[in-house]
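The listed protein sequences correspond, in order, to chains G and A. So for the first sequence, this note's numbering puts the first residue at 1; every next one is plus one. So for the second sequence, this note's numbering puts the first residue at 1001; every next one is plus one.
If you are wondering where the hints come from, they were derived from the structure by calculation, not from laboratory data. Ideal Cβ placement from N, Cα and C applies to all residues, glycine included. It is possible that some hints are incorrect.
Quick list of in silico lysine-lysine cross-link-like pairs, DSBU-like style, CA-CA up to 30 Å [stated by the list, open to error]:
| id | chain 1 | residue 1 | chain 2 | residue 2 |
| --- | --- | --- | --- | --- |
| 1 | G | Lys-51 | A | Lys-1019 |
| 2 | G | Lys-224 | G | Lys-259 |
| 3 | G | Lys-59 | G | Lys-205 |
| 4 | A | Lys-1039 | G | Lys-259 |
| 5 | G | Lys-51 | A | Lys-1039 |
| 6 | A | Lys-1006 | G | Lys-235 |
| 7 | A | Lys-1039 | G | Lys-235 |
| 8 | G | Lys-157 | G | Lys-205 |
Covered stretches of chain G (in silico footprint by chain A; criterion: 3 or more residues with CB under 8 Å from a CB of chain A, positions within the stretch not fixed) [said to hold, decoys possible]:
| id | segment |
| --- | --- |
| 9 | 11-17 |
| 10 | 30-37 |
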Amino acid sequence: MTKPAAHLETAIVEQDTHPMADLLRMDRMPHIWCSGCGLGTGLTCFIMALKETGIPEDKVAVVSGIGCTGRVAGYLNLDSFHTTHGRGIPFATGLALANPDLRVVVYSGDGDLVAIGGNHFIHSARRNMDLLVICVNNFTYGMTGGQAGPTTPISAKASTAPYGSYDYPFNIPYLAIASGATYVARWTSLHMRRLKNSMREALPKKGFRVIEIICPCPTAFARKNRLGSGLDLMKHYHDNSIIKHGADPREADIDMNGKVVCGTFLDIERPTFRDFQTENIATQLGGE
Amino acid sequence: MKYWRKPLDADTIKVPHGKIYVVREQCKGCSFCVEYCPKDVLELSQEFNKKGYHPPIAVREEDCVSCGLCELICPDFAIYAELIEEGETTEETPKKTDKTEKAEV
Chain G
1 MTKPAAHLET AIVEQDTHPM ADLLRMDRMP HIWCSGCGLG TGLTCFIMAL
51 KETGIPEDKV AVVSGIGCTG RVAGYLNLDS FHTTHGRGIP FATGLALANP
101 DLRVVVYSGD GDLVAIGGNH FIHSARRNMD LLVICVNNFT YGMTGGQAGP
151 TTPISAKAST APYGSYDYPF NIPYLAIASG ATYVARWTSL HMRRLKNSMR
201 EALPKKGFRV IEIICPCPTA FARKNRLGSG LDLMKHYHDN SIIKHGADPR
251 EADIDMNGKV VCGTFLDIER PTFRDFQTEN IATQLGGE
Chain A
1001 MKYWRKPLDA DTIKVPHGKI YVVREQCKGC SFCVEYCPKD VLELSQEFNK
1051 KGYHPPIAVR EEDCVSCGLC ELICPDFAIY AELIEEGETT EETPKKTDKT
1101 EKAEV
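Just chain G, same shape as in the assembly:
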């Protein structure tokens, strides 16, 4: 068999030489995510953003729930915890309150954060807890076999909705803003640089910050809806996403064939839970 000449030029290396190997648990690689899944791209952006902010590794904690995205906590070589289903935010709340110097990131999926952990999500936003929530939205419960989830668009097929889902889906930026988040952005897996910049911007901030990543799921969502491979979904996002900073989140609903509105929806500052708590304790104990 004749090898192509170019093959000899391409350097084949071992996994330890990868520039992100220091922040990943390389003994667990290759990860479980399917070929064409966008989760790894989001994780790459997160690692790059973390490196660019220069926050020391021991000052960052990553908490995940259950699901495909929940594996992130296990793959990152940081202080991380893989909680029970939907309970990423309560665990992270405890971490953030006990150790105010810690930058706590909740990295989880749409089903985990806004369905099973939906109540924690809205109440943590209401309190304005110091958390960065990265919500990867793939429109389905991927790990358990493609059931209809809280973000499955109307008329999309799922294994529990063979004739199409007829529940109105959650619009995560709208939900977050209505509940009281201070920084809300949405990007797709294809907007790598903008997503990275958004994460870099949100990491040092205070308050409840939400970044939604629209992510292709070729195995569960795309297969049931005949949308093709992960690459086809990326091309779909390329053609159908609009970048509109400061857009009205009410207009950011996602339909099966409609446009995906991306951008930074909100970036404000308001006192956090910890600000109120310290202020209140100081007044109660006599002004110290």
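With chain G held as given, fit chain A onto it using these hints.
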């Protein structure tokens, strides 16, 4: 990097040149890097890795500008580019030396 004529800012702006490294056994053949490489450097190879996927190969590595997009888009942490030199900006045909000399004078 070769251009049809020497750009006016060639002495201030250097086009970088990169080398591509592939972690062959970690690739899952999604071809994101092949599709979105802005310089079309990569192609899927004909060979299989251990898992049965076709990892990418750099067929036009001389065009790589080390932009880092392949590293950023790869969901499997299987490819990265490293800057090897800042690179010289040259003209496509080195025959026009008399013209450039005139321009320099």
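Hint consistency between A:Lys-1039 and G:Lys-235 [alpha-carbon to alpha-carbon, up to 30 Å]: holds (18 Å)
Holds or violated: G:Lys-224 to G:Lys-259, with C-alpha atoms at most 30 Å apart: holds (20 Å)
Hint consistency between G:Lys-157 and G:Lys-205 [alpha-carbon to alpha-carbon, up to 30 Å]: Cα-Cα ~38 Å, so violated.
Given hint G:Lys-205 paired with G:Lys-59 - CA-CA distance at most 30 Å: Holds, at about 14 Å.
Coverage claim, chain A over the segment 30-37 of chain G, checked by counting residues with Cβ within 8 Å (three needed): holds (count 7)
Straight-line alpha-carbon gap A:Lys-1039 to G:Lys-259, limit 30 Å: holds (28 Å)
Hinted pair G:Lys-51 and A:Lys-1039, Cα distance within 30 Å: Between G:Lys-51 and A:Lys-1039 the Cα gap is close to 26 Å, so the pair holds against 30 Å.
Three-residue Cβ test at 8 Å for the coverage of the segment 11-17 of chain G by chain A: holds (count 6)
Straight-line alpha-carbon gap G:Lys-51 to A:Lys-1019, limit 30 Å: It holds: about 22 Å lies between the C-alpha atoms, which stays within 30 Å.
Pairwise hint evaluation, G:Lys-235 against A:Lys-1006, where the allowed Cα distance is 30 Å at most: With a Cα-Cα distance of about 35 Å, the restraint between A:Lys-1006 and G:Lys-235 is violated, given a limit of 30 Å.
In this structure, the hints that do not hold are numbers 6 and 8, in rising order.
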